[in-house]
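K.L.:
So the sequences go chain by chain: A and B.
Numbering-wise, my numbering comes out as the position in the first sequence, counting from 1, plus 72.
Numbering-wise, my numbering comes out as the position in the second sequence, counting from 1, plus 72.
Where hints are given, some of them may not hold.
Note that the list lumps identical chains together, so a pair holds whenever it fits in one copy or between two copies.
As the list claims (entries may be wrong) - Cut-off 30 Å, straight-line C-alpha distance, at most; resulting in silico cross-link-like pairs (DSSO-like, lysine-lysine): (1) 134 to 211; (2) 134 to 174; (3) 141 to 152; (4) 208 to 93.
Since the hints were made in silico from the structure, they are not lab data.
What follows is each chain in one-letter form.
Number of protein chains: 2
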Amino acid sequence: MRIPEHIGIIPDGNRRWAENKGLSRADGYKSGIDPGLLLFKMCEMAGVKEITYYGFTVDNTKRPTDQIKAFTDACINAVKILSNENASLLVVGNTNSPMFPKELLPYTTRQTFGSGGIKVNFLVNYSWKWDLNYLKRSKCRSNNINNQIETYDVSRVDLIIRWGGRRRLSGFLPVQSIYADFYVVDDYWPDFKPNHFYEALNWYNDQDITLGG
Amino acid sequence: MRIPEHIGIIPDGNRRWAENKGLSRADGYKSGIDPGLLLFKMCEMAGVKEITYYGFTVDNTKRPTDQIKAFTDACINAVKILSNENASLLVVGNTNSPMFPKELLPYTTRQTFGSGGIKVNFLVNYSWKWDLNYLKRSKCRSNNINNQIETYDVSRVDLIIRWGGRRRLSGFLPVQSIYADFYVVDDYWPDFKPNHFYEALNWYNDQDITLGG
Chain A
73 MRIPEHIGII PDGNRRWAEN KGLSRADGYK SGIDPGLLLF KMCEMAGVKE ITYYGFTVDN
133 TKRPTDQIKA FTDACINAVK ILSNENASLL VVGNTNSPMF PKELLPYTTR QTFGSGGIKV
193 NFLVNYSWKW DLNYLKRSKC RSNNINNQIE TYDVSRVDLI IRWGGRRRLS GFLPVQSIYA
253 DFYVVDDYWP DFKPNHFYEA LNWYNDQDIT LGG
Chain B
73 MRIPEHIGII PDGNRRWAEN KGLSRADGYK SGIDPGLLLF KMCEMAGVKE ITYYGFTVDN
133 TKRPTDQIKA FTDACINAVK ILSNENASLL VVGNTNSPMF PKELLPYTTR QTFGSGGIKV
193 NFLVNYSWKW DLNYLKRSKC RSNNINNQIE TYDVSRVDLI IRWGGRRRLS GFLPVQSIYA
253 DFYVVDDYWP DFKPNHFYEA LNWYNDQDIT LGG
């Protein structure tokens, strides 16, 4: 079976999940933490080499305060939990903003935890505009754009899995996602089931990879 | 019904269609011309304001010579046919390359044909790297990236429809596609049917548009 080297995770649907349970919208985020760890372990077992989690974006920080606090806390907890695993971990996003949680500043240079292993990127206060604006400062004449953006240390994505039924990228790593295959799970992220992941891998295995050729 | 203002068209599957018919792979492209005109007329009737066709890319020009000739000819014909309609037409792509057909150079500044009407963008010898590299020359400090790329005259895309079953962008306008909803038709592009378009519009009508918020 052909396993994607790098999987992008868009864990959407936390608020809709909470509403369906009669909870407040902000209550959905903490139920997204356990699925994140389970998915990490499944990727590890499957031999995936790199994972990127879409934590939260600059766009998201226009939401009500209680939601901002809830998704920020969930990201802080998720990163701390991942730092107990075997991973080469990087938190990446716009740190020049009060919305970037100071608890995650120590993770903004890549560090090896445990015996290393999977490369894990966690997008926190990420913005595609912030990412691409870095090109304006580039002195490099090469058109290898992947090396000239803020997220230069994040590789090309092979497979994006999005939970929550929406079929759009919502600003997720536009450069690395250029050739990515895009798999959508209708269930909300807190309802993560191992089969979502296996079905995505099976689907990916049937795709013909051309990289635009 | 909520109609997308700007639809991106990825007309994929011409080669697979030809192979299934026992034709040579290059023979698939000319059967993609009529669907392009039909779709244009359907967009006109539906009140769509802008359409972008994914003609061919710099990546595609690595293919065998007979295929390159076939898709280039199909693009030339398609643009000429569209110039007989009511449209504000622009061909956009890397003209500093021998792969850009000289027949289309007159269309690389936007022109109004007939009574104008829909804005039509036709990507020819397009490359996402070429598009984004323009940022390096930008003197503008604003982070409104859409105005600082080669395709600054192409608006944000609301709905992308891709024929041929593949669920990926393959380099299609990465900046304008950031928030686009992505609809995939399994049939190959030369097998275009009006219902593909209506089903895509119905699906789009049910989507919740958040622009990342």
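K.L.:
Please go over all the hints and tell whether each is borne out by the structure.
P.N.:
Cross-check of the supplied hints:
no.: 1; hint: 134 to 211; result: between (33 Å within a copy, 28 Å between copies)
no.: 2; hint: 134 to 174; result: within (19 Å within a copy, 47 Å between copies)
no.: 3; hint: 141 to 152; result: within (17 Å within a copy, 55 Å between copies)
no.: 4; hint: 208 to 93; result: neither (46 Å within a copy, 48 Å between copies)
When the structure is compared with the earlier hints, a violation turns up for hint 4 alone.
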